[in-house]
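Trainee: Residue numbers (this note's numbering), protein chains in the order written: chain R, 32 to 143; chain B, 7 to 548.
Treat the hints loosely; a few may be bogus.
To be verified - FRET-style restraints, in silico, Cβ to Cβ:
#1 B/S81 - R/P88: 50 to 60 Å
#2 B/S497 - R/K83: 49 to 59 Å
#3 B/K360 - R/F138: 36 to 46 Å
#4 B/D517 - R/L102: 38 to 48 Å
#5 R/P88 - B/F21: 46 to 56 Å
#6 R/P88 - B/D517: 12 to 22 Å
#7 R/L102 - B/L310: 21 to 31 Å
No lab work stands behind these hints: they were computed from the structure. All C-beta atoms, glycine included, are put in the ideal place defined by N, C-alpha and C.
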Amino acid sequence: MKLVVAVVKPHKLDDVKTALENLGVQGMTITEVQGFGRQRGHAEVYRGAEYKIDFVPKVKLEVLVDDADALKVTEEIQASARTDKIGDGKVWVLPVEHLARIRTGEFGRDAL
Amino acid sequence: MSRGKKFVALTLMTFVVIVVLGAIWGHKGGDPTGTASTAANSYTNVFQGGVQAGIPVSQVGINQLATSTGGAGLSVNFVWVLITGFLVLFMQVGFAFLVTGLTRAKNAAHMMMMNIAAFAVALLAYYAVGFAFMFGGLQVLSLGGTSPLSGMFHIASKTNGGIIGTHGFLLQSHGSYDVGVMVLFLFEVVFMETAGYIIVGAIAERISFAGFLLAEVCMGAIIYPIYGQWMWGGGWLAHLGTGPLSLGHGAVDFAGSGVVHATGGWAALALAMVLGPRIGKFNKDGSANAIPGHNIPFVVVGTLILVFGWMGFNPGSTLSAIDNRIGVVAVNTLLAACAGFVLAMIITDTKYGKPDISMSCNGMLAGLVAITAPCAFVAPWAAVVIGMVAGILVVYSVEMFDKLGIDDPCGAISVHGMNGAWGVLSVGLFADGTYGAGWNGVNGTVKGLFYGDGGQLVAQLFHVVVGFVWAWGITWLIFTIAKNFMKIRVSEEAELEGLDMPEFGVLAYPDFVMHHAAAGHVTTDAEETPNGSPRTVDLERS
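Please model the entire structure based on the sequences and the hints provided.
Mentor: Put into structure tokens, the structure is as follows:
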């Protein structure tokens with residue numbers, strides 16, 4: 032099992048969700064996060080004084096998938112979250128050691 | 007005595023004093039029912055002689071008509087002044103939205119509490135003594151009715167005007183329990199409140215609540231009323247025209263660019279200087295950091311509510327619905343407001359790359375403040391010019407106070423102080439002689455420099471300079487002394503945490519998590535940091 036983690040632009044979340052649903056993904060978890068990458072935030076002027084917005088609002092998305100599906104899900108997120116503009120975010124995959132469904136007590140792939 | 011017992015004793019004493027004075031003064035000499043006020047406008051008074059002169063029976067009907075018309079005129083004035091007074095009262099809501107929106111979420115409950123407490127405390131101070139100091143010697147009510155307010159302390163002779171009023175304490179002394187006096191009180195107390203909330207904008211996010219209450223009591227009892235008496239209560243500044251100097255029509259301030267706004271603005275300046283800047287506002291090299299407000303929609307809503315309230319502030323200042331100039335006053339007010347907004351919007355766009363919303367709103371308020379003194383005396387084109395200058399002035403003034411190291415979170419000093427002064431001067435430039443016949447006892451209409459009366463501009467200069475010296479000076483004096491006896495600024499911990507919890511034990515937004523990007527994340531190397539290391543002022547609580 033793998034955990035696919037992606038940080039995407041908030042307004043692309045609906046597109047990503049729809050794309051993954053169409054792919055058959057059963058569940059996902061999202062968090063509102065803030066951060067910066069190579070673009071390093073941006074500067075604005077408020078009442079004559081400049082200030083820097085370092086952390087830009089993003090959405091972090093976590094999806095548990097079977098090993099065989101990980102690459103496909105990753106590619107689908109890349110395709111659906113892309114705007115070709117700076118700040119589109121990242122997607123990465125982590126191994127999952129153990130997985131259980133709390134209500135039924137199912138283990139491993141059954142719990143997906 | 008414990009703090010609690012002291013408080014109970016003080017409250018009981020106040021209660022006893024009010025009951026005793028109220029019973030002693032009663033309503034002797036005043037007109038609490040309103041019948042005498044109506045009679046004052048009856049034909050027997052309007053046409054000198056009346057019944058005593060033996061009016062033929064055939065004229066009785068005409069005379070009765072004259073009486074009822076006079077009574078109706080009085081009632082219309084009462085209604086006009088009360089309704090415009092209610093509009094000015096609504097400006098309280100606008101100020102609350104504006105200043106809370108322009109400050110950080112961690113102080114929002116504190117800002118709101120200051121706004122409503124200012125209202126209650128300053129109103130009672132004005133009721134007890136402020137109103138009597140200001141209007142106790144007004145002599146004539148332009149709305150009609152009887153005039154029990156006839157006590158004034160003079161310096162030399164009556165033609166020079168007085169320096170303080172002496173009738174109308176607790177709205178009852180010397181027969182001031184009177185229908186006309188109550189109408190005047192309602193209209194004037196909401197003006198005083200305006201000067202009272204102006205200071206909130208400049209002292210925000212660092213003043214202690216106790217220090218703030220002291221400021222409001224002083225505003226309601228001393229700072230505003232005494233200066234107001236010099237201008238509006240038959241005082242010496244208004245009589246510069248009839249005195250030995252013969253300057254124009256004396257200092258003229260139709261609805262209070264100087265009396266209300268500059269007084270509030272300069273008092274705010276003195277307080278901001280005594281308090282010092284917020285932690286993190288200025289860097290060691292003196293450059294200013296931006297500390298963005300937490301709710302721009304509040305700022306816009308507040309500004310629009312203030313525009314609406316100003317429709318009472320300026321047109322109501324005729325104190326008479328029978329004065330047909332009210333339409334000109336209202337339109338001039340709107341023209342200046344919009345001109346101020348547009349200019350501030352254009353300048354911030356040119357200077358900073360984007361139109362600054364809060365500064366554009368400040369521009370609209372600057373236009374309103376500036377047109378408040380000249381609104382009845384100038385032509386529409388002049389109202390637009392006055393508003394445009396105000397919109398430019400406010401942007402550069404905010405930058406200037408940042409450079410001077412004076413922290414004014416909401417731009418109160420620039421909007422109300424600087425533009426109040428500009429508005430007062432603009433009367434002396436643009437007054438076109440179509441209004442103000444016999445103003446302040448001087449024959450002819452009010453004319454500015456461009457219409458041939460340079461003396462008027464000099465009188466306006468007196469108003470600006472005396473107003474600054476009084477409002478800034480007395481506030482600075484009171485608080486320079488007071489800070490030795492009480493805490494006028496909150497502790498550093500409280501300021502960093504936000505004032506809501508340390509001062510009131512409640513949060514404005516307990517169920518929300520604030521976002522750094524939206525609410526201002528300030529990293530600073532400000533001098534206040536004890537160990538010299540950069541500190542992060544964090545908005546997030548949970």
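Trainee: Please name the hints from earlier in the document that this structure breaks, with their numbers sorted from lowest to highest.
Mentor: 2, 3 and 7
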